[in-house]
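Based on the provided sequences and hints, a complete structural model is requested.
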Amino acid sequence: MTEKLSNDDKSNSSPSGRLGGVILSDKTIARIELLKSRFPEGKKKSALLTILHEVQDENNDWLSVEAMDKVAEVLGILPIEVYEVVSFYSMYNQKPVGKYVFEFCRTSCCVTRGAEDLMDYTCKKLGVEMGEVTADGLFQVKGVECLGACGYAPMLQLGDFYQEFLTPEKMDALIEDCKAGKIQKLSAV
Amino acid sequence: MGKKILLEHINVPGIETYEVYRKTGGYASVEKALKMTPTEIVEEVKKSGLRGRGGAGFPTGMKWSFIGKNNPTHHLVCNADESEPGTFKDRYLMEKLPHLLIEGMITSSIALEAHLSYIYIRGEYMWVYRILERAINEAYANGWLGKNIKGSGFDLDLHVTCGAGAYICGEETALIESLEGKRGNPRIKPPFPAVVGLYGNPTVVNNVETIMDVPWIVMNGGEEFAKIGIGKSTGTKLISASGNIKKPGVYEIELNVPVEEFVMSDEYCGGMQTDRPLKACVPGGSSVPILPAELLFKTAKGEQRLMTYESMSDGGFATGSMIGSGGFIVYDDRQCIVRNTWNFSRFYHHESCGQCSPCREGTGWLEKVTWRLEHGFGREEDIDLLWDIQRKIEGNTICPLGDAAAWPVAAAIRHFRHEFEYHVRFPEKVKDRKHFEYEPWEKVKYLMAKQEAMAV
Chain H
0 MTEKLSNDDK
10 SNSSPSGRLG
20 GVILSDKTIA
30 RIELLKSRFP
40 EGKKKSALLT
50 ILHEVQDENN
60 DWLSVEAMDK
70 VAEVLGILPI
80 EVYEVVSFYS
90 MYNQKPVGKY
100 VFEFCRTSCC
110 VTRGAEDLMD
120 YTCKKLGVEM
130 GEVTADGLFQ
140 VKGVECLGAC
150 GYAPMLQLGD
160 FYQEFLTPEK
170 MDALIEDCKA
180 GKIQKLSAV
Chain X
0 MGKKILLEHI
10 NVPGIETYEV
20 YRKTGGYASV
30 EKALKMTPTE
40 IVEEVKKSGL
50 RGRGGAGFPT
60 GMKWSFIGKN
70 NPTHHLVCNA
80 DESEPGTFKD
90 RYLMEKLPHL
100 LIEGMITSSI
110 ALEAHLSYIY
120 IRGEYMWVYR
130 ILERAINEAY
140 ANGWLGKNIK
150 GSGFDLDLHV
160 TCGAGAYICG
170 EETALIESLE
180 GKRGNPRIKP
190 PFPAVVGLYG
200 NPTVVNNVET
210 IMDVPWIVMN
220 GGEEFAKIGI
230 GKSTGTKLIS
240 ASGNIKKPGV
250 YEIELNVPVE
260 EFVMSDEYCG
270 GMQTDRPLKA
280 CVPGGSSVPI
290 LPAELLFKTA
300 KGEQRLMTYE
310 SMSDGGFATG
320 SMIGSGGFIV
330 YDDRQCIVRN
340 TWNFSRFYHH
350 ESCGQCSPCR
360 EGTGWLEKVT
370 WRLEHGFGRE
380 EDIDLLWDIQ
390 RKIEGNTICP
400 LGDAAAWPVA
410 AAIRHFRHEF
420 EYHVRFPEKV
430 KDRKHFEYEP
440 WEKVKYLMAK
450 QEAMAV
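Going line by line, the protein sequences match chains H and X.
So that you can map any letter, position 66 of the first sequence is 65 in numbering that gives the first Met the number 0, and since no number is skipped, the others follow by simple counting.
So that you can map any letter, position 81 of the second sequence is 80 in numbering that gives the first Met the number 0, and since no number is skipped, the others follow by simple counting.
In case anyone wonders, no lab produced these hints; they're calculated from the structure.
Heads up, some of the hints might be wrong.
[Said to hold, decoys possible] In silico lysine-lysine, PhoX-like type, Cα no more than 20 Å apart, as pairs: (1) X:Lys-181 x H:Lys-35; (2) X:Lys-181 x H:Lys-42; (3) H:Lys-43 x X:Lys-181.
It should be emphasised that the depicted structure is a prediction, and the values quoted were computed from it without experimental measurement.
Have a look at this one:
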């Protein structure tokens, strides 16, 4: 994504773009305006959750304080109104995460079909504990609550997509595909 | 083969696109509804006996008739925050039939005189959010949404918006808070959303499946819908089947299929996954009481149990359960009930919004005590302690999440107390999480009997 600006490259900031350590491409800014237009005048805060997803996607999958402040500014609300939302919902990350986060469903239905074994297998293969990021920053394994794919267990979420009916062999292939950069994380707008 | 209302056209190639959907008769209910009065549509839905498919089973027509008439600005919100463990039917519906949801939203909005409606989908279903976004754009482009729909003078704006990973947002007032861009803390009721809802306006919140049933009811009449099923369980219902069965997946059933047929027949679950016997079943999503095998196919009175609201709850919580959201989870004898109860308790602890003390603290205690029982650190009195904790949560919270956390624990102790006792008395035996896979309860229960005989 060439329109992305790097975090420390201040020379390249456009007036409509980032402040502090946040990247907001013109495309995202246009998208934010579209999302805001879906709510009545005076109720634009309703777009907050969706906007935070877009901003997080563009900022290495996490939300810095600068990113949250920027969102507050864009919506004309107080920064605290953004912080309290970010801290409530489990999909927003307040610190950096691995490039490929394997979010395994660990709830009952997946467990009956071997989710725990698969999580153990994956952690062992990558040499990490649950929640840890690999030394190269590429992978992270997390256990999350029910993702609504109980009939297609065991499964995990990677970016916007689900990987279902997993086996150790499929897990190996998935890891290789990630390493080769063959995995698409975001769904097309 | 039972009657199919929602999945009738599911196998038509390209049904997710506007063109194909329209060719199969899509959007006809909007044309019809635009010629009817809102009251007429509400009456048809009342006659149909349709009950909310999200879990509570409240009659939809009645819910609609509560909408506040003093404030002319109404909203319809579709609850697509499907996150009850065991439930995945709404995702399937929205992925395959996005236009049916939009059609249902338009038809229902006409009935409710709502001119601004929303679909709130859980954040994890991001790719489904994109599908709906594209489908809504198609609907706008073809004149089904916007100003003066098909020259009728009726205006409707419909948008999709998403959450970000919070089970609690499936509770209707929490969903409204979240839709307003806030933390998903449920509101105190009353006032109910039908009076004070989204942006303070009268609002109806309905499940995806409920809304998708409306087009068929408008086209065929409420009475036709009520002919399917038995008694107050009318129409069809989608069941999400998972766990240790041969064919996990989403099935549309008429609300009169025997549970035994549902589990064992090839038309549905196809029997057990392996030769290991059925041990227990959670028939309506994680919140409803677990049923042991002997109470699943037959009620305590010895009658055949059916997949209906009434039959599933026959016997109350003592010997029955609920059909709930239709999240049907089957466990074979490899599964440990104590481990499963710990798993559910962890889920509710994680998902409690933290607003009410009994739930915030109580779910934490449930998780801790079930954890120590499962991992071989339990004490005999822990079982009564669990019972005491769940009893103090139930009914003492603003929203039903507290009840939902309490019920599975209560039911597990009610029906499987012996397994909890086994965990306390034979801690070395349960240290391996697969202990029942190697030595199922039937094989180890003699140990308990032996110990008790020695004590006498």
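Status of each hint after checking the structure:
1. X:Lys-181 x H:Lys-35: At roughly 15 Å apart (the allowed maximum being 20 Å), Lys-35 (chain H) and Lys-181 (chain X) satisfy the hint.
2. X:Lys-181 x H:Lys-42: Given pair Lys-181 (chain X), Lys-42 (chain H) holds - Cα atoms ~12 Å apart, limit 20 Å.
3. H:Lys-43 x X:Lys-181: holds, 12 Å
In this structure, every one of the numbered hints holds.
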